Structure formats: C-alpha cells, structure tokens
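Here the working numbering runs 1 ahead of the position in the sequence shown, where the first position is 1.
A couple of the hints might just be wrong.
No more than 30 Å apart at the CA atoms, straight line, and that leaves these computed lysine-lysine pairs for DSSO-like [claimed, not checked]:
1) Lys-134 / Lys-33
2) Lys-145 / Lys-33
3) Lys-147 / Lys-25
4) Lys-25 / Lys-121
5) Lys-147 / Lys-98
6) Lys-33 / Lys-98
Restraint ranges, calculated between C-beta atoms of paired labels, are given here [claimed, not checked]:
7) Lys-89 / Asn-43: 38 to 48 Å
8) Lys-25 / Leu-148: 35 to 45 Å
9) Ser-30 / Lys-121: 18 to 28 Å
10) Gly-69 / Lys-100: 10 to 20 Å
11) Tyr-82 / Gly-57: 15 to 25 Å
12) His-123 / Gly-69: 15 to 25 Å
13) Lys-91 / Ser-144: 41 to 51 Å
14) Asn-43 / Asp-88: 33 to 43 Å
15) Lys-42 / Lys-92: 36 to 46 Å
16) Asp-44 / Tyr-82: 13 to 23 Å
17) Lys-91 / Lys-145: 40 to 50 Å
Hint data in this document are derived by calculation from the structure and do not stem from the laboratory.
Model, not experiment: these values are computed from the prediction.
Positions of the beta carbon are idealized from the N, C-alpha and C atoms, including for glycine.
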Amino acid sequence: MKLFCRSNLFILVALLASFIEAKKFDKCSLAKALLSQGFSKNDLRNWVCLVQNESGMDTTKKNNNRNGSTDWGLFQINDRYWCDPQDKNKKTSNECKVKCVDLLSDNIAPASTCAKKIFKRHGFKAWYGWINKCQGKPLPDLSKCKL
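Please model the complete structure; the sequences and the hints are all you need to start from.
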C-alpha cells in the first residue's frame, strides 16, 4: 500500500510541477513579457502576431513536423537547427545552445534569447506563422494594453 501511495504522490507532484511551468498568455501580458525580454517596441505587434499564430501564446506548445523535426514553445523553435532535443536519434546544430525542453517553460528568457538570434539571422521570415498570418496583414491592436 505504501508503494502505491508513494507512486501516486510522485505522479501528482510531477503533474503539478508541469502545470506550474506552463503559461498561456493573452496579447497584453505577452506584449509586456516580450518588452521585459528586450524585444523592440517598434516590432512588438509583429512579435505578438507571430506568437499568436505559431503557438497560440502557449509556452508548452510542441509540434512534430513531417520532416521529423519538432517545434518547441512560445516561438515554435525548431530542434533541427536551434535547440537540443536530447534525442540520440536526432541530429541538431543547436545554434542557441539550449535544451529544447527549456523552451517549454513559463520562464521565457531562453526562448526569447533564441528567437532574437533567429530573427537577427533570418528576420520574421523564419516563421511560417508570421509569413502566412501576419506579413502584409492587420497586426494585433495593442493600444489598450498598458505597456
């Protein structure tokens, strides 16, 4: 009986820990968080649009791609190039020098640092969500956000 209770307790703690780590933003809280991470106010509406369309503003979002790679976290950062999935069967160049799992946290600092590195190299065109849903289209209105 003790073993059963301990294993259930462990499962409960693990579930609570994963819940605590998750964060789903609204557009204003996202805009504030991005500003606090050093994103440019001039590009803020583009970043909010990108995140809305890539991850639905959910830090725990993970998508498997047809080519075998996976996109991770708020910015949907790809593990083929930018992060280490810690999977021996996947090759990565890990340009951001970060574990992919660290991109799924409510601490958006690692994801933000990596996204800015990607942006510096490729601009917003690195993200299909931005190309398809934001480029040349109306961007989110942040005028009611207290930034």
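Quick rundown of the hints versus the structure:
Between Lys-134 and Lys-33, the direct Cα distance comes to roughly 22 Å. Compliance with the 30 Å bound is thereby established for this hinted pair. Distance restraint check for Lys-145 and Lys-33: the Cα-Cα separation of roughly 12 Å lies within the 30 Å cut-off, and the hinted pair is therefore satisfied. Distance check on the hinted pair: Lys-147 and Lys-25 sit about 18 Å apart at the alpha-carbon level, within 30 Å; holds. The hinted pair formed by Lys-25 and Lys-121 meets the criterion: a straight-line CA distance of about 26 Å does not exceed 30 Å.
Restraint check: the Cα-Cα separation between Lys-147 and Lys-98 comes to about 34 Å, which exceeds 30 Å; the hinted pair is violated. Between Lys-33 and Lys-98 the CA atoms are separated by roughly 25 Å; this keeps the pair inside 30 Å, and the hint holds. Between Lys-89 and Asn-43 the C-beta distance comes to about 42 Å, which sits within the given range of 38 to 48 Å. The hinted range of 35 to 45 Å is not satisfied by Lys-25 and Leu-148, whose Cβ atoms lie roughly 20 Å apart.
The supplied range of 18 to 28 Å is met by Ser-30 and Lys-121, whose beta-carbon atoms lie about 25 Å from each other. For Gly-69 and Lys-100, the Cβ-Cβ distance of about 19 Å falls inside the hinted range of 10 to 20 Å, so the restraint holds. One distance hint, 15 to 25 Å for the beta-carbon pair Tyr-82 and Gly-57, holds here, with the actual separation near 22 Å. Hint check: His-123 to Gly-69, Cβ distance near 21 Å, so the stated range 15 to 25 Å holds.
Restraint check, Lys-91 to Ser-144: a C-beta distance of roughly 43 Å satisfies the suggested window 41 to 51 Å. A hinted range of 33 to 43 Å holds for the C-beta pair Asn-43 and Asp-88, which are about 38 Å apart. In this structure the supplied range 36 to 46 Å holds for Lys-42 paired with Lys-92, their Cβ-Cβ distance being about 38 Å. Evaluation of the 13 to 23 Å hint for Asp-44 and Tyr-82 yields a pass: the beta carbon distance comes to about 22 Å.
Take Lys-91 and Lys-145: their Cβ atoms lie about 42 Å apart, and the range 40 to 50 Å holds.
Going down the numbered hints, you'll see the structure goes against 5 and 8, while the others check out.
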